[in-house]
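Novice: Listed here are the chains, written in short residue letters.
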Amino acid sequence: DVKVTQSSRYLVKRTGEKVFLECVQDMDHENMFWYRQDPGLGLRLIYFSYDVKMKEKGDIPEGYSVSREKKERFSLILESASTNQTSMYLCASFRASDTQYFGPGTRLTVL
Amino acid sequence: RKEVEQDPGPFNVPEGATVAFNCTYSNSASQSFFWYRQDCRKEPKLLMSVYSSGNEDGRFTAQLNRASQYISLLIRDSKLSDSATYLCVVNYGQNFVFGPGTRLSVLP
Chain E
7 DVKVTQSSRY LVKRTGEKVF LECVQDMDHE NMFWYRQDPG LGLRLIYFSY
57 DVKMKEKGDI PEGYSVSREK KERFSLILES ASTNQTSMYL CASFRASDTQ
107 YFGPGTRLTV L
Chain B
7 RKEVEQDPGP FNVPEGATVA FNCTYSNSAS QSFFWYRQDC RKEPKLLMSV
57 YSSGNEDGRF TAQLNRASQY ISLLIRDSKL SDSATYLCVV NYGQNFVFGP
107 GTRLSVLP
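Protein chains in written order, with our numbering: chain E, 7 to 117; chain B, 7 to 114.
Bound conformation, chain B alone (with noise of 0.2 Å):
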């Protein structure tokens, strides 16, 4: 199994639709949860961290359940700007494991 797991995609939706991103993780000792936006042959860029409590960042929202080892991205109102290949990280220590990622294209 691997240690992080994402939907396989990829997402094609509409502008304007609502899309939620799952992500699996396997590490209980994990520490730091992250969400990653890497756009095409570009590097990945922190889109936002993610906290127990959830966290809301304009059209953003993540969600962790530690307990079940489970994070969550949902996107609102989604914009053409937001096709890119989103990556959700964990963190424990100095190691940080990738998941392979999670294409989506919003459709004009």
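Bound-form chain E, shown alone (with noise of 0.2 Å):
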């Protein structure tokens, strides 16, 4: 069974923090991705990375930014978090010729 883990669950943070959102995965999956998720707007890809030290921006990157130093864990770093950042943020993982797998989710709320 694919497991993807995120380091929290619910998070809340005050706007121009810094944060860390970090997902692991334990089955040597090439490609990572972080998304969004927001009512009425479904699922946005904000980066994803197929390699270590690679990353791509996806829909949204603008206030993101992304770290993969190692294949199983992939992090999604908010700079200065802004309130318009307080979303459901997912990560998933994936190998070619398979599927998405995904984490939890985070819920992060920028006060």
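There may be inaccurate statements among the hints.
[Stated by the list, open to error] Below, a sample of chain B positions facing chain E; criterion: calculated Cβ distance under 7 Å:
(1) Pro16
(2) Phe40
(3) Glu49
(4) Pro50
(5) Gln100
The hints are simulated quantities; they were obtained by calculation from the structure and are not laboratory data.
Every residue gets a Cβ at the ideal spot worked out from N, C-alpha and C, and that includes glycine.
Each chain sits in its own coordinate frame; assemble them with the hints.
Specialist: Listed below in structure tokens is the structure:
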């Protein structure tokens, strides 16, 4: 069974704080993704990575950065959190010829 | 036009009903197709892949029509536990494009 874990289920931060969201997968998948999900807007891709130290911008990368130093770990960084980044953040991983598997999500509130 | 479109929903159906979800996609280069299920405040989980020949898993049947760029999901004998949002997902290469989802409520 693929397992994707995320560091926190719920997180509350203040405007301007630096926020780290961690994602770890245990199936040696090459590809990892960060999405955010908001009511009425569905899942939107922030960044993805197809290999260690590689990253590609998704549809809404502004205000975010990512880090992939090890194959199993993909971090999402909010350099200076803002209230419009309050959302559910979902990490996913996949290997070619398979589908995506999601972590449980982190519900982030920025006050 | 959005890349993946689904019935807007919500669908409210009685237990035991048959319900059909429709999905269309715009990118003809799409290679793989899936239905995911997402419960309230949870992550999406794979329900089933969709193959050109059609495939069935118990009460669930998925169909793909590549010529029409159309995907469907049929749920027979719906249960209360089927209440969720159903997401149509289209893949090409490393790209996964999610539809907005259709919410289903199965009522007692």
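Novice: Would you mind marking each hint as holding or not holding in the structure?
Specialist: Hint check results:
no.	hint	in the structure
1	Pro16	violated (13 Å)
2	Phe40	holds (5 Å)
3	Glu49	holds (4 Å)
4	Pro50	holds (5 Å)
5	Gln100	holds (6 Å)
The structure does not agree with numbered hint 1 stated previously, though it agrees with all others.
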